[in-house]
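K.L.:
Sequence:
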Amino acid sequence: TALGYVLSVFPLTLFFGGSVPDALAASVIALLFFGIDRFLRNTQYNLFVYTLFASFVEGSLAILFVQLGLGEHADKIMIGDIMLLIPGLSLCNAVKDILHKDNLTGLGRMVEAMMVTLFIAFGFYIASVALGGGMVNSDLPEPSPAAQVITSAVGCVGFALYFLAKPDKLPLAFFGGGLAWALYLLAYRFYPSVFAANAVAAAGVCLYSECMSRIVK
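If you're matching positions, the sequence shown starts at 4 in the working numbering and goes up one per residue.
The set of hints was computed from the structure by calculation and includes no laboratory data. A virtual CB, placed ideally from N, CA and C, is assigned to each residue, including glycine. The reader is advised that the hints may include incorrect statements.
What the hints assert, rightly or not - Quick list of in silico lysine to aspartate or glutamate cross-link-like pairs, DMTMM-like style, CA-CA up to 20 Å:
1. LYS169 - GLU213
2. LYS99 - GLU75
3. LYS220 - ASP171
4. LYS172 - GLU213
5. LYS104 - GLU115
6. LYS99 - GLU213
Stated by the list, open to error - Just the calculated beta-carbon pair ranges, DEER-fashion:
7. PHE51 - LEU210: 34 to 44 Å
8. GLY91 - LEU189: 19 to 29 Å
9. ALA206 - ILE39: 34 to 44 Å
10. LEU107 - ALA168: 25 to 35 Å
11. SER216 - ALA5: 24 to 34 Å
12. PRO195 - ASN106: 33 to 43 Å
13. LEU71 - SER216: 43 to 53 Å
14. ILE89 - LYS169: 21 to 31 Å
15. GLU213 - ALA133: 13 to 23 Å
16. LEU102 - LEU34: 34 to 44 Å
17. VAL132 - ARG217: 19 to 29 Å
Generate the whole structure from the sequences, applying the supplied hints.
P.N.:
Shown next, in the form of structure tokens:
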């Protein structure tokens, strides 16, 4: 599971344009966050308070690492580590419930996911204001398309480990992650719309996942 935390943030920090030192710094923070998750996250803590605390710690460490010379771009370290907090699975389940006409459960989950997202933003913002990190946007060239596809694939393996997938399914996750972003880039090349490209990539990876789930049982 700890490896899943690292493999989730290291390639995605590079994916979003960070440098190797940024990715290494994000990985160290991810391991620390793994410890926080293991020892602090349980049912007796309020989810929103815990999310605020975790995002504040992650944001503070990102800024401190850069100030200590252990990273180069605080925003890229943050954007790599924030992926561990984004409630993507909860949001997907909320939409699924609504599509299955379980409206109250779906709306409840959706509101919870939106609230978690707000508390993530608050935590990083408080860290940035408190430590003088500034709301920065590093002007760095984006990685090549090939690098984006590879880092997307490796990041997907990290999340597969994060969600406790079996080791023999990891190659499927690797291929699916690369396929999703390759479809996005291909769609965007012919029709430069972020929404349309995301829709094509989502439809492609959904079809791939449905087929693989049946093939491998």
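K.L.:
Need the status of pair LYS220, ASP171: alpha-carbon distance at most 20 Å?
P.N.:
Answer holds: LYS220 to ASP171 is near 12 Å, not above 20 Å.
K.L.:
Check the hint pairing LYS169 with GLU213 against an upper bound of 20 Å on the C-alpha distance.
P.N.:
holds (17 Å)
K.L.:
Is it true that the CA of LYS99 sits at most 20 Å from the CA of GLU213?
P.N.:
The hint holds at about 14 Å.
K.L.:
Range first: 33 to 43 Å. Now tell me if the beta carbons of PRO195 and ASN106 are that far apart.
P.N.:
With a Cβ separation near 35 Å, PRO195 and ASN106 satisfy 33 to 43 Å, so the hint holds.
K.L.:
Can you tell me whether the CB distance of ALA206 to ILE39 sits inside 34 to 44 Å?
P.N.:
Holds, since ALA206 and ILE39 (Cβ atoms, about 36 Å apart) stay within the stated range.
K.L.:
Please test the hint of 21 to 31 Å on the beta carbon pair from ILE89 and LYS169.
P.N.:
The hint (21 to 31 Å, Cβ to Cβ) holds, given that ILE89 and LYS169 are roughly 24 Å apart.
K.L.:
Should the hint that LEU107 and ALA168 are 25 to 35 Å apart at their CB atoms be regarded as holding?
P.N.:
For ALA168 against LEU107, whose Cβ atoms are near 30 Å apart, the range 25 to 35 Å holds.
K.L.:
Tell me if the straight-line CA distance from LYS99 to GLU75 falls inside 20 Å.
P.N.:
Distance of about 40 Å is beyond 20 Å: violated.
K.L.:
Just to be careful, I want the Cα atoms of LYS172 and GLU213 compared with a cutoff of 20 Å; is the pair within it?
P.N.:
holds (14 Å)
K.L.:
Between LEU102 and LEU34, does the C-beta distance stay in 34 to 44 Å?
P.N.:
holds (37 Å)
K.L.:
Taking the CB of SER216 and the CB of ALA5, does the distance hold inside 24 to 34 Å?
P.N.:
holds (27 Å)
K.L.:
Regarding the pair LYS104 and GLU115, is the alpha-carbon distance no greater than 20 Å?
P.N.:
holds (18 Å)
The structure shown violates the earlier hints numbered 2, 15 and 17.
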